[in-house]
Amino acid sequence: MSEGVRVLDVRGLTIALPSGADRALAVERAGFSVNAGEIVCLVGESGSGKSVIAQATMGLLPAALRATAGQVLLDGEDVLAASEARLRELRCTRMSMIFQEPMTALNPVMTCGDQIDEVLATHTELSAALRRSRILEIVGDVQLPEPERMIASYPHQLSGGQRQRIMIAMALVLNPRLLIADEPTTALDVTTQAQILELIRELQRKHGTGVLFITHDFGVVAEIADRVAVLRQGEVLEFAPARELLSHPRHDYTRMLIAAVPSLKPRQRGIAAGAPIVLRTEKLTKSYTRSGWLRRGADVAAAASVSLEIRRGETLGIVGESGSGKSTVARCIARLIEPTAGRIMLDGEDVAQLASGALRGFRRRVQIVFQDPYRSLNPRRTVGEAIVEGPMNYGIGRDAALANARRLMDLVRLDPKSLDRYPHQFSGGQRQRVCIARALAIEPELLIADEAVSALDVSVQAQVLALLDEIRTQLNLAMLFITHDLRVAAQVCDRVAVMQHGRIVEQGPVGELFANPQHEYTRALFAAAPGRNWAFASDGRASTD
Amino acid sequence: MSVVDDPTATDLPAPPALQTDVGRRLLRNPGVVAGATILAIMLSIALAAPWLGTVDPAAINPSVRNKLPGYEETIRGADGRESTLVHHMGTDTLGRDIYSRVAYGARASLLVGASVALIGVAIGLVIGLVAGYIRWLDGIVMRVMDGLMAIPAILLAIAVVSLSSTGLLAVIVAIVIPEIPRVVRLVRSVVLSVREEPYVEAAISVGTPTLPLIIRHILPNTVPPLIVQATYIAASAILIEAILSFLGVGIPPQTPTWGNIMAEGRSLFRIFPHNILYPGILLALTVLAVNMLGDGLRDTLDPRMSKRL
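Residue numbers (my numbering), protein chains in the order written: chain A, 489 to 1033; chain B, 5 to 313.
Honestly, the hints are just simulated from the structure, not real lab data.
We treat Cβ as the ideally placed atom computed from N, Cα and C, and that holds for glycine.
Check before you lean on any hint, since a few could be wrong.
[Said to hold, decoys possible] Listing some non-contacts, in silico: residues in chain B with all C-beta distances to chain A over 10 Å:
#1 S119
#2 I208
#3 V210
#4 R220
[Claimed, not checked] For the chain A half of the interface with chain B, some residues (derived, Cβ under 7 Å), not all of them:
#5 D677
#6 A822
#7 L824
#8 N866
#9 G878
So that you can see chain A by itself, here it is in the shape it has in the complex (with noise of 0.2 Å):
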């Protein structure tokens, strides 16, 4: 397969980052090809230049940023050196992109056919009855049931998914040669996902289209890629077939990222039977009304009759895709939202109703930590001050306090010393530290983290979670672990519970739970988790195939 016509010829690609950035180049030396026929990975951590490389190639790069040497082939054509009115050409006939975010990379006010419709328009001299018969076939060509409906939606009457499909079909449309993909999955639940990365794979194969695939996950990587660079601050390290390089990595890096990547095989860890129940919650609901002006409108349950329990010492997870209500029955349990009805017993006593006055001595023992690192600390207060605002709360000292955030701060490894500095001198991973150090601070007896790590680099990712185990076993917690990620579940778990449309469809010890699924929803979510049938390293044997 690799034998094929070079689409895409990357070389000595350089670009320059504005002055005052982190590093002088964005992309260095960066060289790499893609083929007629062939899917190739471009991966890296964020900040490593990855989307840079895709805009260069559209020639969308942002004013800031200057390619300064190198070559970009486009079937031997020079795009860095190619004029606006040329590259609006080639746009969409020769290369075409997809983005991660469908909703925004879709225009809300224009139906998705006018959306396809414009491009055949501008690029074609089809009359109308024509273009819109090859709107129809490339729907159809995306696998979206009921083409006509679809091309008279607008985004927002279209799920993710869908959306997805109906920039995948205005990307193809004209049958460019290469399709440039930027994280077109990240966004999407990974059912959806699965059937994306398959349509991709279908739609190439069948037009031989060349595909610069832009991911950061090892799992997608290993679904479809042919050949893969990986790439770490602006430099290809790199370069080399997908099962060559994911059996023998070359580089230290790569080994590292690859031995990052969580394995789907649980870890066995002793279950703390034994253990008294920390947190109970029976028949937990929260619906929502639609308020209208003349009547009430219909609830909608956001967690329906959710029933669960954490021992001391035990970590539960709960895992779902998005909106199956797992962050609302986390809210509801940390009390940051009011539960509609059910009981959430803590120590025997129920909290689920208590009024915000007496909410103030359960909050000492229920923390939670938040997904995104970077708006969970308040920039304008010093990790010191964040870290010690919880016992001041409760009557502590400042000095005691800060002797404590001290230790806390060895605790999560991060330089005590550094208590003193703002949350932007900070790394995503290490403000996840401060923030796990704050929900400590008060010694809860139950962590909450909701999707704690979702939003990290692999690398960082398996630091974090080692860390909060480490935690969990030292400070014997209890831990509520959410989470949207079957692997990480699956390291850090001892039991999961699965949740769909607001219900927990399956629970169960996360060992039994991963070797024999039973609900059917548990499989599909299995049969889609990226990477499945891939030993990574981590899996602990040898991946030979």
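Following the hints, complete the assembly by docking chain B onto the known chain A.
Chain B alone, transformed into the frame defined by chain A:
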């Protein structure tokens, strides 16, 4: 070559001092520099008025009525010696020295501008925080604010002044009231967006009571837009004060204010335009300076904020 997220924070760059950074950017903004300079000049005129070669701004002298700028008046002192007083900007219909009146008049304008901005922001801030944070009060408070905003500011001010005795305090109150809703809207919108931030939820979950929560985590976010808003309020307050005085419902006519001087000169504008010209220029310059300062602050502190809410 640390390929992984370095777990210690020791190798971080030295903390950039945020405050000095903002200060430097402010100094580089031409609007801020020009506006602040003009305002500083106006302020020194207002403060140093008695020492700038002025005479009593209220002293009436029928013998030198309606003199053109540059008129030289011979004054005989108590000891019989003669001296010359030059009326740089001429005199008005009652023979008062316009230069002295304009210099003293800067006091009223700047005082009204500054106090209306401070009082308006302070009251609006409290109401806005309450409306934004206590949800059930929001509807009631905001409807009252909408009602206030529906009445033209000048009409409302005239109504308030006519309900009480005239004077500086009444004028300030009258101008503050219509400005409050704008501040409330601004503060409320900041509160509504900030209260959804995870760091606010994190503070709630570590047991921070409501008042410290608002003061520590929500209030600081309202400061930059409020500073900008305060300058616009000051500019409009200076104008409204002049308008009220011009219409004769503001500060009593014997007190020199730019509006009063212009009202005085209105009837003879065609023959003696200087009566209106000089206070008019100073008024325009002051308002321009405040607005330039505000625009500059807005561009420096928060480029995304709209000009007027």
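Checking hints one by one. Is A/D677 an interface residue toward chain B, by the C-beta closer than 7 Å rule? violated (22 Å)
Run the C-beta distances from B/V210 to all of chain A and say if the shortest one exceeds 10 Å. Per Cβ check, B/V210 is inside 10 Å of chain A; nearest 3 Å; violated.
Does the interface hint hold: is A/A822 within less than 7 Å of chain B, judged Cβ to Cβ? holds (6 Å)
Interface exclusion of B/I208 relative to chain A, criterion Cβ beyond 10 Å: violated (7 Å)
Just double-check B/S119 for me: nearest Cβ-Cβ distance to chain A has to come out over 10 Å. holds (28 Å)
Report holds or violated for the interface hint on A/N866, using the least CB-CB distance to chain B and a cut-off of 7 Å. Where the cut-off is 7 Å and the nearest Cβ of chain B is about 5 Å from A/N866, the hint holds.
Going by Cβ atoms only, is A/L824 closer than 7 Å to chain B? holds (5 Å)
Quick check for students: does the CB of B/R220 sit more than 10 Å from each CB in chain A? Check fails; 7 Å does not lie beyond 10 Å.
Hold the hint about A/G878 up to the distance rule: shortest CB distance to chain B must be less than 7 Å. Because about 3 Å separates A/G878 from the closest Cβ in chain B, which is inside the 7 Å limit, the hint holds.
Of the numbered hints listed earlier, those contradicted by the structure are 2, 3, 4, 5.
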